[in-house]
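Participant: Next come the chains, spelled out residue by residue.
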Amino acid sequence: MRAPIRRFAILFAGIACLYAFYPVYASGQQAAAPRPGTARISAPPPGNTVIIPGPLRSFLRMAGISQKASPEDVLPLLARNVYIQGYEAGRETEFLLLLDRYVHQARELQALAGPAGEIHVATCEEAIPLIQVLGYRLRQNCGQKNAVLVTANPERAFLTIDSGFPLMGLEEALQKGTPFSYSFPTTRIPVIFSENDWTTLSWGRRRATGSLIDVLVHDPSVARLYWAISKVDVETRQALQQSAGLRKLLPYTAVFDFYGSQICVRSGRVMVPGGANAEHAWRDLVGASPDSPEDFVVHLLAKDNGWLAVYYDALSRVNQAQQAHLTSTPRMRHLYDAFRTPEADINPTRSVFRKAPDLLVLFTRISWDPDGNMHVPGSLEVWKEILNQKTDSKIVRDWAKRAHGWNQSEQLLEAMVSMARIEADSGPLQIYLMLSELDAGRPPEKRLSEGTVRLLASRFAQFSNWYLAFAEFPDLNDTSITRFVNVADAIDGISNAPLRGNTLGAFQANIGLWQIFARQGEIPVSALNTSWQKTIEPFAKISSSGQLFDAARGSLGELMLASTGKADRTEDEIVDLLAGPPQKSAEGQHMRQEMAARIRAVLDDQRLVSLDTLFALSDGLNEMVHGKPASPRLVSLAGELREFELPRPIFTSTEKVNWAPPVYSSRHAELQIKTDLTKVIKGPSSPAQLEAARSQLAPFLRDTLVGLNYAYYEPPGAQILHINPLFVRSHDFSGMTIMGAERLWRAPELVGIGTPAGGGAYLLGSLADLPYALAETEEDFIAPENIQALIWKESVPDLLVSSTLPRWWGVSPNELHAVALYQRSGEELLTDSVGDTQLRAKVMNILSDRMTPGRLERTEQATRSPADMAEMLPRMMPADTFYLAAEYRRKFPAEEASLGPANKELDDLCHQNPKDVDLDRLSKDFGVPHPTLTRNYSPELLNVKPFPAFGGYSSRLFGESWESSNLYWARLADEMGYAPVMLNRLAPELTRRMTAKIFATDLEDWQALLRAMQETGDEFRQGKIALAVIPGTDLQH
Amino acid sequence: MAKKYFLFLWVFSGLLLGGGAWLAAQDDDSSRIRVNVVLVQLNVAVTDRKGNYVSGLRPEDFSISEDKISQTISTFEEGNEPTIRPTTHGAGQIADAGQEAGAALKTQDARLAGTSIFAGSNVFILFDTSNYMYRGFVFAQDAIADFIRSLEGVSKLAFYSYSRDLSRAAPLTGDRSQVLRGVRSTVAGDDAALYNCLLLTVKDTVQLKGRKVIVVFSNGPDNASTVPPEDVAELAQSTGTIIYMISTQQAQSEPVSTAVFERMSKATGGKAYFAKSWKDETQAFASIRDDLAHLYSLSYYPQMNPNRGWRAITVKLVGKNLQKYRVRTRDGYRLLQPAQLSSGSFVEAGAGSSQK
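One line per chain: the protein sequences are A and B, in this order. For the first sequence, counting from 1, position 901 maps to 901 in our numbering; every step adds exactly one. For the second sequence, counting from 1, position 322 maps to 322 in our numbering; every step adds exactly one.
What the hints contain is simulated information worked out from the structure, not anything from laboratory work. Hints should not be assumed to be uniformly reliable.
BS3-like, lysine-lysine: derived pairs with alpha carbons at most 27 Å apart [said to hold, decoys possible]:
#, chain 1, residue 1, chain 2, residue 2
1, B, LYS68, A, LYS674
2, B, LYS276, B, LYS266
3, B, LYS279, B, LYS156
4, A, LYS145, B, LYS266
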């Protein structure tokens, strides 16, 4: 065996397939009790199952499928893994070879198990054939304590271990001379349609075996079609099979997989986006009527190499209100013409990920003016200029030419839709998405001026990540925004690289602090603009380190003045302010202390010099410059600068240069180590020497200010922040450590991973998006609880940020209770809709804006009996039930009182404390940030359907569309009687625990998130989880 | 008014955290002084020039200094023999005038009387599951299983595996069968984040009593860690954790890992092995087992030392006849803050923060 075994992690599964309706019969296996997040298991018709040799658990291990996947998920996930992981350059990978070999070994063991499905050996002699099949041999004789099993055939032995055979049980039995028994049944798992329907599709040699497992493992096109069809709802897949037939779909498998999951057929008609009003337009676009699912679907998938399917999929995923706008006539046709025009011959399935993520973002977030036209930030004339900016894109250049004659916003919309085909992160579409979000939060009279739009667009590639602050704080006016860009430009103009790096760090750190204080309400709204401008202004003219020190200090003073009314604050006071606003309740005060202690712990462990020391040293040196004698305390303070020590080196300097040249990152820290002000203080020193000494404080001040930001956003379970004292100091603001580094104002990237001689990973770039970068840095220090599970990089950073960025200082007990009541009210609505046709229709209509057709179908099915609904409720996302109740109450206010007890209680709360149940307030307090989707860090509940997985920066869309965690933790806290402030501890820690429990197979496996969250909640309710606290700050509940 | 002094024992790892020492800090209330008393434990191997272990040494044969300040040996143990309280080097002098927490130490002393503070060793095996060849994977498991079966006198064992993330396959237990099951439950992984996972493993040892040992079985270079090996080595040194490293790579084939393995293990008092065949792996495990059986365990309460940074430890043999022997132990430690010691593992409710 030459190639290394690269077991792909258990990370990927499919959400739609979780709702497949094929029940299960697990022959020889005890049927598992239904668990939250797993589909119901009941006896299937015998013809709808296939046989897997051996226990399901072993097969799942070998196939890279989560052990928590339900039986009906197994074949879809197998099919998915085969086509994604099974081939490289057309050749079968080790994963596939191992899986195939395992199936053979399992069949051998099956023969040993016999019809009873149990491997049983009573004596040593009887065990010999079994041991041989397993690839082992017995060292020493049976019945001896030192009789152990050792490898005889490595390939077989590997399969034995990897599939989880209980080798130790066998060994112990042989040592003791006792019989060994192991249940080794054939396992029946459900199949979509029938086995024959799939095996006859394949032309490969495996067709002859008649085994679907063999066909899926060796025919990737059939495997992908199986995966694709598993993602559509049951009625649709049956309609497609009966009308088009699987063979007709086979040529379009890739398009169907990426863009077909939203296709929905009901009662023989395709339910198109936009509904009945849009059917005619769809018929024209597709070239077939929605009344003929076969023709419609095949044409849809085939048209323009699949680009129409991309368009259809994006429209299907937005809510009904947006659909109504976008599918109106003739808009839908025009938009598609614009979308398909650029190189329609290119295949939208040529990559590992779906194409055109920004089309979905645009359709989701587009805002409409009262006249029904798309909102245009600035003016159409400005956008003509923006399109004329220099670009390498032919598409943009073509649109720029056409833009000369534009006179309506619809033309801009068409251009934006067309540009969704361009893979870019700073093109005109990205500028539009950003600037429209900025305008969306501003009242009409305070929208961005043309000049500001022009300015922001022209500097977008450089500063776009910082524009999120202007979205989060819409009170910031044109002057504040312009001033930021001008000061940032001035900083970029600093020619001395170390000085520029230190200025960038200090400037961004103070803006970061401003954002925190403003978000926590510690800066009055009326002072947002003045404080912002005063915070950034000192950095406008920096030409020396001494100036930088004074500017950073002055800037911080202005910030403190705006927040507290006093400029000079000690570091302790600043940390207290960062921890949260002052609290009245004992619990609030204690929690605030705990949060402050966490911040201080990071500052201590990063061994950062305190602001108090730095300011006192500066003042003392300044006095000396003006002729005063040195204060005796000054030498001792200078000694504090030298308390920081580099970690004991493992590598020599030469080794570091040779082994890690691109990422050798401790230059900044090494300069600090050399800083010794004592000689200058002890003197005699000239004023110039004293001033030079004072300027050496600037890098220290930068680090402490940056450290305050790092500490505030510490992810739960962080290790690097506490163990690598170089981490903050190593932040590379000016790209010094990587030659040619660009994008320095953009979101930071973690570099230096897996480079032992590089001094540890560190962040390169700006402090924008710092919470996410820190979460990415620390996520792998959470140890998964399940064997074979790995940390899910596509969603875990978002989960962690969603639990640490929001703070719950201003949440009232009523508000907390309201969040719980909304979720319970949603559950009541679902329960009450059982047997109530009218209510069911209303409920389903509301949920259709949040659910895929598959989930919606399953939910609707559950409304047919109380038992099914009782089983369904734990599988509802908290965001679903919350939204359902909220929307129902908004749409049908007269019906509130007739509903169940939770609705009645919520009704009472609404009347008694309307502010506490205000949906905007709840959305802000219990929502999550969506920096990719809404270009805004403000927590919010968007109530969108789950986003699919995309590549690049859009990969975060999936994680951002998960909005259930904080709602669930809040309900948990309410039910267990915790004060709302306790969420500041509960949410991060429970999210960490939840992360360790995630056992997913697919990138879009939302059920795995739900299951992990509920398991965490169950353990917490049972008192099994103690929450980590800083020693000495524990708050007893 | 006379000041009242209250002494607080803050002993992170039961008694034997090698890290912190006399960490005195005055509370806001000026009448109270908080003193953290921590015993520094050293595991010392003494060998002759041929590498043979030298046994039968007594406490008086050793001298310990920390930052060149002479220290008093508090407890002494050879291999798995019972603990000895030194007499010749000032038994009962545990808390002399130079040590702030005399009263507290006497309490500690009383607690120790009649019991072994080195109540066996705690051995953590950290197994690399990234990018294996089949042959290497299963033969390595065989060698580890043999090692586990052969460890006599070790109180508890744990088996962890790692690729990009850590998997605590068999948490610390005295049940060998459970650990062996953990070994046989591993699955092949993806990238290798050795130093990240070693860091978490070291942290799991923090609160343990007794000797703390980590045996790393590495199959190749680290390509996914974010934490540098220097920090892991320092933490292991500061918590008194010995690290042994076995690499399946030849030493010259991967110089970066070779340098780390040799230096990190040496700094913690352990050893590195480069095993190009499964037979070499078996021999490496046998060598580790032998080493563990011959370690001297010494401990001391540090004398007053104003140094808040790295504290260098020197252990020497006393007397002319012993100068021909070689001494191997960790060479220092750093005072640690509580947050630096917080484990990445989850605390079960009711488990408390005392020893596991």
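Participant: Does each hint fit the structure? Answer for all of them.
Facilitator: Going through the hints against the structure:
Restraint check for LYS68/B and LYS674/A: satisfied, since their Cα atoms lie roughly 25 Å apart, inside the 27 Å limit. Under the criterion of a C-alpha separation no larger than 27 Å, the hint pairing LYS276/B with LYS266/B is consistent with the structure, at around 21 Å. For the given pair, LYS279/B sits about 26 Å from LYS156/B by alpha-carbon distance, which is consistent with the 27 Å threshold. Annotation: proposed proximity of LYS145/A to LYS266/B is violated, straight-line Cα distance about 36 Å (limit 27 Å).
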